[in-house]
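Colleague: As given, the protein sequences belong to chains A and B, one line each in that order.
Note that the UniProt record's numbering gives residue 235 to position 235 of the first sequence, counting from 1, and the numbers run on in steps of one.
Note that the UniProt record's numbering gives residue 528 to position 528 of the second sequence, counting from 1, and the numbers run on in steps of one.
A hint or two may mislead.
Same chains, same names: a pair is fine if it fits in one copy or spans any two.
Derived lysine-lysine pairs resembling DSBU-like cross-links, with alpha carbons at most 30 Å apart [as the list claims (entries may be wrong)]:
id, residue 1, residue 2
1, K275, K403
2, K411, K529
3, K533, K60
4, K50, K533
5, K107, K146
6, K411, K283
7, K50, K532
8, K493, K421
9, K533, K342
10, K60, K532
11, K470, K146
12, K107, K411
13, K470, K272
14, K493, K146
15, K358, K182
16, K50, K470
17, K182, K342
18, K533, K411
19, K272, K451
20, K599, K201
Hint data in this document are derived by calculation from the structure and do not stem from the laboratory.
Small disclaimer: the values here were computed from a predicted structure and weren't measured.
Number of protein chains: 2
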Amino acid sequence: MVNETQHTCSASSSSRSDGGSSSGSESSKDSSRCSTPVLDADRHERLREKMRRRQDAGDKWFSLEFFPPRTANAAVNLISRFDRMGAGGPLFIDVTWHPAGDPGSDKETSSMIIANTAVNYCGLETILHMTCCNQTKDDITGHLQKAKRLGLKNIMALRGDPAGEEWEEEVDGFNYAVDLVKHIRNEFDDYFDICVAGYPKGHPEAESYEADLRHLKEKVFAGADFIITQLFFQPETFLKFMKDCQAIGITCPIIPGIFPIQGYHSLRQLVKLSKLEVPQEIKDVIEPIKDNDAAIRNYGVELAVSMCRELLDSGMVHGLHFYTLNREVATTEVLKRLGIWKEDPRRPLPWAVSAHPKRRVEDVRPIFWASRPKSYIYRTQEWDDFPNGRWGNSSSPAFGELKDYYLFYLKSKSPREELLKMWGEELTSEESVFEVFTCYITGEPNRNGYKVTCMPWNDDPLATETNLLKDQLEKVNRRGILTINSQPNINGKPSTDPIVGWGPSGGYVFQKAYLEFFTSSEIVTALLKVLKKYELRVNYHIVNVKGQNITNAPDLQPNAVTWGIFPGREIIQPTVVDPVSFLSWKDEAFALWIEQWAKLYEEESPSRMIIQYIHDNYYLVNLVDNDFPLENCLWQVVEDTFELLN
Amino acid sequence: MVNETQHTCSASSSSRSDGGSSSGSESSKDSSRCSTPVLDADRHERLREKMRRRQDAGDKWFSLEFFPPRTANAAVNLISRFDRMGAGGPLFIDVTWHPAGDPGSDKETSSMIIANTAVNYCGLETILHMTCCNQTKDDITGHLQKAKRLGLKNIMALRGDPAGEEWEEEVDGFNYAVDLVKHIRNEFDDYFDICVAGYPKGHPEAESYEADLRHLKEKVFAGADFIITQLFFQPETFLKFMKDCQAIGITCPIIPGIFPIQGYHSLRQLVKLSKLEVPQEIKDVIEPIKDNDAAIRNYGVELAVSMCRELLDSGMVHGLHFYTLNREVATTEVLKRLGIWKEDPRRPLPWAVSAHPKRRVEDVRPIFWASRPKSYIYRTQEWDDFPNGRWGNSSSPAFGELKDYYLFYLKSKSPREELLKMWGEELTSEESVFEVFTCYITGEPNRNGYKVTCMPWNDDPLATETNLLKDQLEKVNRRGILTINSQPNINGKPSTDPIVGWGPSGGYVFQKAYLEFFTSSEIVTALLKVLKKYELRVNYHIVNVKGQNITNAPDLQPNAVTWGIFPGREIIQPTVVDPVSFLSWKDEAFALWIEQWAKLYEEESPSRMIIQYIHDNYYLVNLVDNDFPLENCLWQVVEDTFELLN
C-alpha cells in the first residue's frame, strides 16, 4: 500500500466540501515546481498575462508612450524620465519607431536602443513600435531578430506612413500592419506579444468606419494580442468603438489612447498628423488662452482626468495608455488625480531589476554596484546565467570591461560645468576633496555656495536609507574616510517598511551593516590594527588600485548582507559582499576618480594631480559587521582608528 | 588603466607590513572559490587533511576501533553505539576485517556493510580494514571498488593472518601489507587514504625490531598516509618506537593504539592473538582481582588514563586510537577523564549529516524526516545531486521506496514485547491510541505502568527542543491531535545555543514554528475553517493516505523553516517544508502505522483494526507559522479548532 502512488487530484472527502478550500489548491507529486522562489509573479509573466491578471483582479493600470530623442543629451534626460515615471508603476511603456531616424540602428537615439535601455537598464516592460511600409522582408526580420536578442518581448505592429503622396501597394510586400503581424507570427511564432493600433473614428484613409473595423479584426485574427487606440477627445467615441469591436467579434483587450492637451502647438501638430477633428467645445476653450501654456495644460489635465474617469467608470476600461510627448508633468498629474500613480512603489528586490527575459531568475547581486545598477547590468550583459540562489554557485563570472563612460545611460546627468561647481573649480589639497564628500552627505552648500547633489560613484542625491547614517557619515568623511556606499543593520523589519522594505508583504527583511570607503594608506595601517580586535565580528576587504588585497573573508566566500524571510518561501538573499567581484568593482571604483573627476581639469593642473594622487595611493575598503542584532560596531571601528592615529 | 588586470598577490605597501595581516589572507580575481558555503571544513577534507589540521591547531583527538557483530540484533546495538559514541567527537572510527565472516559481502553483519552504515547513516569518518593474504587480486579489487561505491574513503591495509600454520609466500601474490598498499595506489590512485599498522615492539614474526621498522618504512613509502600501532602497555614503548621511526625517515602521523583493559579474559585473549607480553607489574595487580570485572575495569581505566596523559604530555602525540572491543563504558570513561570527549557536541547542521563524499554538499532537507534521518538517507541514496542551495533547484527528485523496515538501521531498537508494553497489549478505541501519544510526550508511565520511550515515527525519547513545547503538545494529543514532529519558533538565538544552536559559533539561528500531526477528518474539517482566519500567516498541507491533498502553499514552493546567519557567509537554510517531498513522506508516515504498530497484533484483532482504521481515515497535517518574530500562533489555531467543534 505504501508504495502505490495514489497522487491523483480527485475531488476529496468531507473535509474539502465542508471545510471549504477556495483558498487551498490541490497538488500531486507530479506537479511542476518552480526552479527559483518566485517573489514577484510580474517578472515571470508576459505582457498579455500581466494585463489579463490585472483585469481579473479588478486593478486599474496605465501605460506611457515615448518617442526617441534627437540628441544624446536628450537621451540622458529621457532615461532619467523613464526611471522617475517608472516609479509610478506603468504596466508598460512603448517607444515609437521613426523611419527617418534610423530606428533599428545602434545609435543611442534610435528607437531600438531607447527601447533596449528601457528594458535592460530601467527594468520596464516595453513595447517597441515597428512599421513595415516601404521595407524589405529581410530588413524587418533583421530588426525583429535584433529586438529579440536585446531582450525586447513586445512589438506594436504598424503600417507607417507611406513615403510619397501617392502610395501604391506592393505585390508580396508589407502593405498593411496585418502583413507585419502575420510575418512576426510566421517567423517568431509566439515569442513576441503583438499590439496593433485601433482608430476609434476609423483610419483616415479607410473606405469607411466599418471597413476599418474589419481591418482591425483581421489584424487581431492574424495574431495580435491587444489593441491600443489612436487618441480621441470624447469618451463616447471610445466606448462606441469598443462596443462595435466586440460586436464583430474582437475580444482582446482594447486600451484607450489618452492625450492630455499640453499646449496649443503640440495639439495642432498632432491633429494635423492624425487627421483628427478637434471638437468645437474644446476649440472654444483653447483659442482664447492659446498663448498661456500653463492655462492650456491645466485645462488639458482637467479634460483628461474627466475623460479617464468616465472611461474607467464605464466598467469597460481597465487600462489607460498615455501619449506623453516625452513630457512628465501633465501625465503624472492626471495619473495622480486618478489615483493610479503608485505613490509608494514597493521594491520587488532591494536593487533595480532588469526586464531582460534572461535576467528573470536574477535574484542576487554584489552590494558594490548598489548606486550604479546600470553599470552592473552593462558589465554583466554577456552572462548567460545569473546567480540564481547562492552567488558562489556561478563559476567565477567574468565582468565586462567598463570603458564606455560616455554611454548615455552610464554618464552623469550633470554637464561638466555643473560638476565643476559641485566638486570644485580648483582643488588645493586632499582636504578639499574631503569637503566635497562631506557636502554631498550633509546636503549643505560647498564653499562656493553650490550643493553637491551627485558624486562620481552616485549620480543621485543620498538615498533615504543612507540618510539614517548621515551624522556618522559626515563625521568620518570630514576626516578622510571617503564613503561611497553604506547600509545600516536591520534586524527583522516588516517587508513593507517604507525605507528598507522590499518584496511581498508579510515578510521580514534583514541587513548587516556595511561601509565602503576610500582612504589613505596611513589610515588603513591604523585600521588593520584596530580590526584585529574585531576579528570574528567584522569582515573586511582592503584593496588598492594595483590589486593588492587584504581580507579576512573565509575561503573567499560571499557574505550575505541583505536577506528576507517571506511566508511560504525559501530565504531570499539578494545582496552579497562577494570577494571575487569586489576586484572587478574596484577597477571601476578607482577609474571613476579619473574618468569622472580628474578629467574635468587640465592635464598637469594641480587639481587633476590631487585626484590622480588619491587614485594612485588610496585604498578602497569595505567592512561588514556580522552581528546584525547588535548595535552597528563599524563607527566604533572607525573611531578607534582615528584614536590610534592621534 | 581601469582594465589592466593587476591582480597579482605581490607583497604590499606599508599597510601590510605595518598594519600586520597575519589574520588577513591575500587573494586575487583568479582565486578559486567554493561552490557552496562551507560551514564545516570537516565535511570537505579527507582524513589525512583533518588529521593535519588538528595537529597544526594543537587539538588533541581520538579514534575508535570496532569489530563487526555476529548477529543482526548485535548490529542494531552496534549502530546505536556508533550514534552515541559518535556524539563524543571521534576523528574517525575503524571497522576490522574478518576473513572468516565474509567481510566484503552484503550481509548486514559484514565488515563492509557495518562500515557503510557508519559512513552513510551515522555520518562517521570511517576506515575499513582490509587484509590481503590468501586473496586474489580480483577479489581485492572488487572489495575496493565496492568500498568506493559505498562512499568509503579510507582503508587500513593489513596482511592478515595466514590460513595455515606454515605459511609460504606466493609469487606475485599479496604476501605483505605493502603489496596491498601498492595495489591500492596503482588501481585507485589517490582516492583512498591508507593507514598501515605499526608494531611498537616489532611484529612478532619479524626477524628483528629493526627489520620490522624497515618494513614499516616500505609501507609508508609505498603510499600509506599514517600509521596506527598495535597495543602496548607502557608509554615508553611507544615513544621509543616513534623516535626510531623518525630516525629512519618515517614522517607521517603515528597514532598509538590504546587498549583499556576491560576484563581478565579479553586481556588474555588479546595478548594471545597479538603475541604480546603483559608486563609483570600489571599481572601483579590483575591476577588477585581476576574475578572482579568492575575492579579490573577500574584499574584498566586508571592505567589507560595515566598512559594517555603521559603520551599527550610528551608533545609527540596528537591523537589516540582506542581498541573498544565494541564496548562503550571503559573507553568513554578514559576519554572523559582525559577531557577529549566532546561533552557538548556542536551540530554542524540541524540534522544528522552523512559522510558519503557525494553528500558533502548536502545542506538542505525536508523537515519531515527530522526523527528518521537514516530513512531519509536510505530513500535518497540513489540521488546523484543533493539540493545544495535552494531545495526547489533539484528537479523533482524521486524518493526510493521504503519497504525494507527490517533493515537493521531502520528497524526499532526495541523488540516486539517491549513495543507491546509501551503501545498497549490491547487497544480498545482511538482514545487508547491518543493515550499512547500523550504518554510519549509527558514521559509518564502508561496505564500498565510502562514508559513510552519511542513511537513508530521516532525511535528515541522526545528531543530536548521538543520539550520546550511539552505542555501544549500534551494538551492537544489528549484530544486527538496526534503529533509526530514539531519545532518552536526561534527569532535569532546564538548558534551556540545548547538546545537549538547549530553551525559555527558567532552566528544566529532562526526557526518558524512547525507542527505535524495525524488527526481525524472531523477535526480537519473544523481546522480548515479556522485556517481561513490565518490565511496569510499559516501555511498548511493536509493529506490522507490516498493522496488527497489540500494546501495553500504558493506555487508549490518550499518554505524554509530553519535558517542560520553566520559571519562572512551566505545564508544557510538547512530545513524546508517541501510540498513535493511531503507526498513521499506521507507514504512512509502512514505506512509506519501498519508496519510498526498494527503488525504487532493478530490479523483481524480489534487492536489491529483500530490502527488500520486510523491509517485509512486520518489525515496527516503540517502547519507552519510564518510570523517567526511573533508568539507561535499554531496552538491558537488548534485551540480555535477545538472550540469550533464544541
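Colleague: The structure should be examined with respect to each hint, and the outcome stated for every one.
Modeller: Here is how each hint holds up against the structure:
1. In this homomeric assembly, K275 and K403 never come within 30 Å of each other (Cα to Cα): the closest approach is 47 Å inside a single copy and 78 Å across copies.
2. In the homo-oligomer, the alpha carbons of K411 and K529 never lie at most 30 Å apart, since the shortest distance is 38 Å inside one protomer and 58 Å across protomers.
3. Taking CA atoms no more than 30 Å apart as the test, K533 paired with K60 passes between copies only; the shortest distance there is 27 Å, against 56 Å inside one copy.
4. For a Cα distance limit of 30 Å, the shortest separation of K50 from K533 across copies, 28 Å, qualifies, whereas the shortest one inside one copy, 53 Å, does not.
5. Taking identical chains as interchangeable, the C-alpha atoms of K107 and K146 lie at most 30 Å apart only when both belong to the same chain, with a minimum of 14 Å there against 64 Å between chains.
6. When the C-alpha separation of K411 and K283 is checked against a cutoff of 30 Å, the pair qualifies neither within a copy, at 44 Å, nor between copies, at 90 Å.
7. Taking the shortest alpha-carbon separations for K50 and K532, only the inter-copy value of 27 Å comes in at or below 30 Å, while the best intra-copy value is 53 Å.
8. Proximity of K493 and K421 under a CA criterion of 30 Å is satisfied in neither setting, with 40 Å inside one chain copy and 51 Å between copies.
9. Proximity of K533 and K342 under a CA criterion of 30 Å is satisfied inter-copy only: 29 Å between copies versus 47 Å inside one chain copy.
10. Proximity of K60 to K532 under the C-alpha cut-off of 30 Å is restricted to the inter-copy arrangement: shortest distance 27 Å between copies versus 57 Å within a copy.
11. Neither within a single protomer nor between protomers do K470 and K146 lie at most 30 Å apart by alpha-carbon distance, with minima of 45 Å and 64 Å respectively.
12. Within a single copy, K107 and K411 get their C-alpha atoms as close as 16 Å, which meets the 30 Å cut-off; across copies the closest is 72 Å, which misses it.
13. For a Cα distance limit of 30 Å, the shortest separation of K470 from K272 qualifies neither inside one copy, at 54 Å, nor across copies, at 80 Å.
14. Proximity of K493 and K146 under a CA criterion of 30 Å is satisfied in neither setting, with 43 Å inside one chain copy and 53 Å between copies.
15. With identical chains, the CA atoms of K358 and K182 are at most 30 Å apart within one copy only, with a shortest distance of 26 Å there and 52 Å across copies.
16. For a Cα distance limit of 30 Å, the shortest separation of K50 from K470 qualifies neither inside one copy, at 40 Å, nor across copies, at 48 Å.
17. In this assembly of identical chains, K182 and K342 lie within 30 Å of each other by CA distance neither inside one copy nor across copies; the values are 37 Å within and 74 Å between.
18. Taking CA atoms no more than 30 Å apart as the test, K533 paired with K411 passes in neither setting, with 41 Å inside one copy and 52 Å between copies.
19. In this assembly of identical chains, the alpha carbons of K272 and K451 never lie at most 30 Å apart, being 45 Å within a copy and 93 Å across copies at closest.
20. In this assembly of identical chains, the alpha carbons of K599 and K201 never lie at most 30 Å apart, being 56 Å within a copy and 80 Å across copies at closest.
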